[in-house]
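Trainee: The primary structure of each chain is shown beneath.
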Amino acid sequence: EAGVAQSPRYKIIEKRQSVAFWCNPISGHATLYWYQQILGQGPKLLIQFQNNGVVDDSQLPKDRFSAERLKGVDSTLKIQPAKLEDSAVYLCASSSPRTGYRDNYGYTFGSGTRLTVV
Amino acid sequence: SQKIEQNSEALNIQEGKTATLTCNYTNYSPAYLQWYRQDPGRGPVFLLLIRENEKEKRKERLKVTFDTTLKQSLFHITASQPADSATYLCALALNTGGFKTIFGAGTRLFVKA
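Top line first, the protein sequences correspond to chains Z and P. Just so it is clear: in the first sequence, position 38 is 38 by my numbering, and no numbers are missing. Heads up, my numbering is the position in the second sequence plus 1000, with the first residue counted as 1.
Incorrect hints may have been included.
Each computed DSS-like pair below joins lysine-lysine, with the alpha-carbon atoms no more than 25 Å apart [what the hints assert, rightly or not]:
#, chain 1, residue 1, chain 2, residue 2
1, P, Lys1003, P, Lys1057
2, Z, Lys44, P, Lys1100
3, Z, Lys44, P, Lys1003
4, P, Lys1071, Z, Lys44
5, P, Lys1112, P, Lys1063
6, P, Lys1100, Z, Lys71
Calculated Cβ distances over 12 Å to all of chain Z for the following chain P residues [stated by the list, open to error]:
#, residue
7, Gln1006
8, Thr1018
9, Thr1020
10, Gln1034
11, Lys1055
12, Glu1060
13, Asp1067
14, Leu1070
15, Gln1081
16, Pro1082
17, Phe1110
18, Val1111
19, Lys1112
20, Ala1113
Pulled a few chain Z residues facing chain P out of the computed Cβ check, cut under 8 Å [claimed, not checked]:
#, residue
21, Gln41
22, Leu45
23, Gly106
24, Phe109
In short, the hints are calculated from the structure, not lab data. Keep in mind that this is a model prediction, so the values were computed, not measured. C-beta: ideal position from N, C-alpha, C; glycine also.
Same shape as in the complex, but just chain Z (with noise of 0.2 Å):
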């Protein structure tokens, strides 16, 4: 099957610019986590849809960041304005609650988007 599709893989943009991401999780997957990774720091979750509904996004700092999961399927996540601590990867991972748990299965990431803010 086909992997989590993240784009673009890398982004240089100046700080107040704004930028979004796009993820494609597998199909099927109803579940969509946008995690941000520090450079030497665990992933830390920002927001997790089922299907098109937001199930937390506590930690998610609103006041810039925002995602939307318009069909249940692919997702963006933006961040506007961006500033200098935004810069870190941004993972989208996915999962199906029907057999994530119950068979063992963890989550399918992607490779991430890199973002820089100069």
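Since the structure of chain Z is provided, determine the placement of chain P on it from the hints.
Mentor: Structure of chain P alone, referenced to chain Z:
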């Protein structure tokens, strides 16, 4: 405060030996725990999942133990190979109605030929 702790220092071992990585946590009650491998420039790759009522899980050269009393998981790679060199992430799944997964910072493993 809630914490997940993995060895911040890299682990260096000789090829053929068993690598043992530690994951300790405080003030969490995970429903299950996962281990992932992450290579530079790539996303994490799922390796193993162990539930709170399981003590040990094996997959090929990998073994995971889970002690909810000690609040610790150990991850073992037997007969290690240079290709096993990567960062290994521990992740706790918390039952919050659904499941919310919290990751540790990972431990870098270097296997020398």
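Trainee: Give a verdict on every hint.
Mentor: Hints versus structure:
no., hint, result
1, P:Lys1003 with P:Lys1057, "holds (24 Å)"
2, Z:Lys44 with P:Lys1100, "holds (11 Å)"
3, Z:Lys44 with P:Lys1003, "holds (13 Å)"
4, P:Lys1071 with Z:Lys44, "holds (21 Å)"
5, P:Lys1112 with P:Lys1063, "holds (21 Å)"
6, P:Lys1100 with Z:Lys71, "holds (23 Å)"
7, Gln1006, "violated (8 Å)"
8, Thr1018, "holds (23 Å)"
9, Thr1020, "holds (19 Å)"
10, Gln1034, "violated (5 Å)"
11, Lys1055, "holds (15 Å)"
12, Glu1060, "holds (14 Å)"
13, Asp1067, "holds (19 Å)"
14, Leu1070, "holds (21 Å)"
15, Gln1081, "holds (22 Å)"
16, Pro1082, "holds (22 Å)"
17, Phe1110, "holds (16 Å)"
18, Val1111, "holds (21 Å)"
19, Lys1112, "holds (23 Å)"
20, Ala1113, "holds (26 Å)"
21, Gln41, "holds (5 Å)"
22, Leu45, "holds (7 Å)"
23, Gly106, "holds (3 Å)"
24, Phe109, "holds (3 Å)"
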